[in-house]
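Hints given; two lone chains; assemble the complex.
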Amino acid sequence: MREALLNIPWGVALILLPLAGGIACFLWQTVTTIVGLIILSAVVISVAGLAWQMMESGVYRHAVGGWNAPLGIDLYADGLSLLMLTVTALVGLCISIYSTGYFEPKRSARFWPLWLFLLAALNALFLSADIFNLYVTLELMGLAAVALTALSGDKDALTGAMRYLLATLLGSLAYLFGVGLLYHGFGSIDIAILAQRVESIPITWAAFGLMSTGLILKSALFPFHFWLPPAHASAPAPVSAVLSALVVKASFYLLLRLWLEIFKPLGAEGVESLLGLLGAIAVLWGSLLALMQTRLKLLIAYSTVAQIGYLFIAFSLAASNSVTAWYAAAYLTLSHALAKAAMFLSAGNLLHFAGQDRIADLDRAVQRLPLSVTAFALAGVSIMGIPPSGGFIGKWLLLEAAIQQSRWGMVAIILLGGLLAAGYIFKVLGHAFTQVTVAPDSPIPSALMQWTALLLACAAILLGFLAPQVLSLLVIGDPFSTREVTL
Amino acid sequence: MNAAFFYALVGVGLFCTGLYALIVYAHLLRKILALNIMGSGIFLVLVALAKRTGGMAADPVPLAMVITGIVVTVSATALALTLMLRLAAKTGRAELPEERRE
Chain A
1 MREALLNIPW GVALILLPLA GGIACFLWQT VTTIVGLIIL SAVVISVAGL
51 AWQMMESGVY RHAVGGWNAP LGIDLYADGL SLLMLTVTAL VGLCISIYST
101 GYFEPKRSAR FWPLWLFLLA ALNALFLSAD IFNLYVTLEL MGLAAVALTA
151 LSGDKDALTG AMRYLLATLL GSLAYLFGVG LLYHGFGSID IAILAQRVES
201 IPITWAAFGL MSTGLILKSA LFPFHFWLPP AHASAPAPVS AVLSALVVKA
251 SFYLLLRLWL EIFKPLGAEG VESLLGLLGA IAVLWGSLLA LMQTRLKLLI
301 AYSTVAQIGY LFIAFSLAAS NSVTAWYAAA YLTLSHALAK AAMFLSAGNL
351 LHFAGQDRIA DLDRAVQRLP LSVTAFALAG VSIMGIPPSG GFIGKWLLLE
401 AAIQQSRWGM VAIILLGGLL AAGYIFKVLG HAFTQVTVAP DSPIPSALMQ
451 WTALLLACAA ILLGFLAPQV LSLLVIGDPF STREVTL
Chain S
1001 MNAAFFYALV GVGLFCTGLY ALIVYAHLLR KILALNIMGS GIFLVLVALA
1051 KRTGGMAADP VPLAMVITGI VVTVSATALA LTLMLRLAAK TGRAELPEER
1101 RE
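Chains as they are written, first to last, in our numbering: chain A, 1 to 487; chain S, 1001 to 1102.
By construction, these hints were calculated from the structure, which means they are not laboratory data.
Be aware that a few hints might be false.
What the hints assert, rightly or not - Chain A side only, calculated, beta carbon under 7 Å to chain S, not exhaustive: (1) L176; (2) F177; (3) F186.
We put the beta carbon where it would ideally sit given N, CA and C, even for glycine.
Isolated chain S, as found in the complex (with noise of 0.2 Å):
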């Protein structure tokens, strides 16, 4: 096992971590960072798949493909952060209410 499948293993790893947090915990910081965490996870499978196929230097191509995801995941996490303040601050828990039936 090489050090790049080493690491795409964590990458998995690490999503379904996140996946399984987002599932278990109720409050809504912790989903967001389960959501976080699973972007991660992501990023460095693609990192790690990068030097795998690249031979001696990276592949540029999911290098590019991390950075964008960043910026995108930056601006998912700080809208997610806004909503989180502001239904905190509307009913005073920051949790989604059960569902329902009507």
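Okay, chain A solo, but in the shape it has when bound (with noise of 0.2 Å):
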């Protein structure tokens, strides 16, 4: 029995099921719910045996349909895949028992077949182990994340779909043509193959840039960042959550993934410390941007600018072999992921109540929805890193690794970025704080839909407790170390 639970190929059923669902909610929009939860429980089991198999037996590694690399293409999981894996279920589960309250039926039947092509996407992204394969899932990504961002078909949300998908498009071709260039030049798109054969010549660099730049664009580092404010704040919310939660996540896994295996030997200081520069820079002006929104969608989004920003000041500071900063890189997307889809799933509530987003009238929120705005608040806690939660602990490695290295400047920015997202947060609590005396019958959200949110704000919170732990999954396959790739 157990013997025969550890040789499933948990790997193999996390890209199928979703896909499979999809095509059936495609085929059969009557039950589209039903399969839908049925499909996203099953991927949670399936990340919990995937978990307990490498807990077990460490690295996953799952030829195809029984052809090795280099004729075949690879599955691969890793601590940090695992971790994505995981956060990836969790959030999909609360969003898609968010969704089944927030969709009326008709809509329903669109979302799901996009969100379920979505999840499938997400999981082969951090599956693949092949680099080719990985443009695919990046596709695939891309397009379903467009499609559902146009799902409530007003003008926002087509123009704000329609800049995605051209900056997305953008972002996968230049992708594909340091592929192409891999390929050229060391005969194979097997990342750990590519790991051992990349050296520094020409072709390398610039499938470097080409590659970089596209997932830097996807991932909407300053000054690329045009694209995500209106997309994110025009989508419905469970939309917003997976895109803020997960999808700008997926781009830039992708990014730490190609740069701890092929591109680390190329040594790149400059590359690093412009990176670093950049995300700098996004901290202070997505917070300075989030502070002056006056619609609460649109803040959340500038929000996730500077969170993005945080990503890469961990990257500049983790490329001179810092540990700590890879860790702190790794949880800060992590609690990230969880709060923010918290926050979206919360400001969902707050627009179904009042009917629109403008800051300045949440006044009433917090008599009416008190189990929203904490979630909005708790979430909160996490995104300005107050300590205990996820973020603080993602801030703190970080702030470690800044100070080890004497970026005193950087430690600054950490830290006035913290200060700000407080500023932008207390601006939307103390609105919705505001007392008045006649509060007129506005709809109330379904239980369901305050609760998932609430449980989301707390996973963010509760991660603060469980870094220990959630440590000793990361370093499962040594992610982060100069390692040497046995084949």
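Here it is as structure tokens:
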């Protein structure tokens, strides 16, 4: 029994289940919600299975169809992939439950197939060990995400989706160009084989430049963030949550992966400092713009721009072989995914309640929607980086790395970013706590919608207490050190 | 300069032309066409490189990449065109509005 469970290829299930579910939802539109929820539960179980398998026997490698690399396409998971898969499954489950209350039946039939395709693409991206396969998952993810953004069909959503589509296609094309060059230079598209063969010649640099630029565009680092706020702000609430929490992280994850496995020997110090600088600007610029917004969803979207800046600061600090900074990047990614999903879901509740999302008109919210406002506040605690929360651990690790390397400018920016985050979160909460004597009747979102937002926010806080466990999962397969890859 | 290298250079040229057009033109159909031209440029580079690495017979892997890439590009173009039509039906113009600061 135990042996049988250990031998199930959980990774394959993680890709096939949502893909099959997406097709089923597309064909039979009356049963979408039930099929979707069953698939999501199965995905959560598969992630748990994979985690157990990896705790027992280390990294997961599966040769699809029995064909090994270089001919076949390998699936590979180490601690970093496992954590991304876990957070995807958790956020995905909460968003799915939330969406059963959010969408009316007709729109729900359109939401489910796209969301399941997106989930399949995300899982495949975290599991692929082949740069061309990664290109295909990137495109599948981008197309599904764009279609989801346009779901409401109004002018803002269509404009946001179009801008997003152009940006994401450009990013993918640049990435594909890089894949072609790497194949030409080193005769393989398998990450592990490339890692052994890669050397510092012009073609590697060209591929590095193209792939990094494409992925940076997709992860919306300043100054390529122009497409993010309109797309994330105009999408329906569960979609905004997926986009901000998972989709943006997926391209950052890919950049991290390529850097760690393939491009590290290049020793591109200038590029790292540039990315760190852009990250620092993104923190300040994103936070300032968030402070200036008058609409709740745009505020949260600009906060995403700022938080992505932190990821790139971690990237720049980590490049000088600082494991602490890598941990910080991973931790910030996880906690931001949970907190930002919670924020967008509670923003969806406030929007549903007030009928619009002007921050100044959020008064009386706390009297009628205490759960949603609590969820927003708890998620805000993690975004600001106040203990005890996942965001605090991430920023603490980041500060530690910056202090170790005496990068005092970065230290100042990390702290300032936290203060600015406090500014824009209290701006929202301040309005939400306004007392009104006459409370007109507004539609209250269902309890399910309120509790899922709160659950995600609590998970973001809880992450602050689970640091040792999370970090022990993260080091499975040793993704961050300069290891020798064995084939 | 052999033929394969020439084709690769043309491919890079197409990529750059497409990028230029994507940035410069406002009309969405032109932007979508520009992306397609960029894609074709990359495919041309891949095909040319297949010839260079393969000796007498062409290397099948880049060709397989090109086929997959074409499939992806077709679906992406279809999605982009649909979005453009919907946007044009809503706003009367097939262009993205200038970004406004609120």
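Comparing the hints with the structure gives:
no.: 1; hint: L176; in the structure: holds (6 Å)
no.: 2; hint: F177; in the structure: holds (5 Å)
no.: 3; hint: F186; in the structure: violated (10 Å)
Hint violations for this structure: number 3 only, all remaining hints satisfied.
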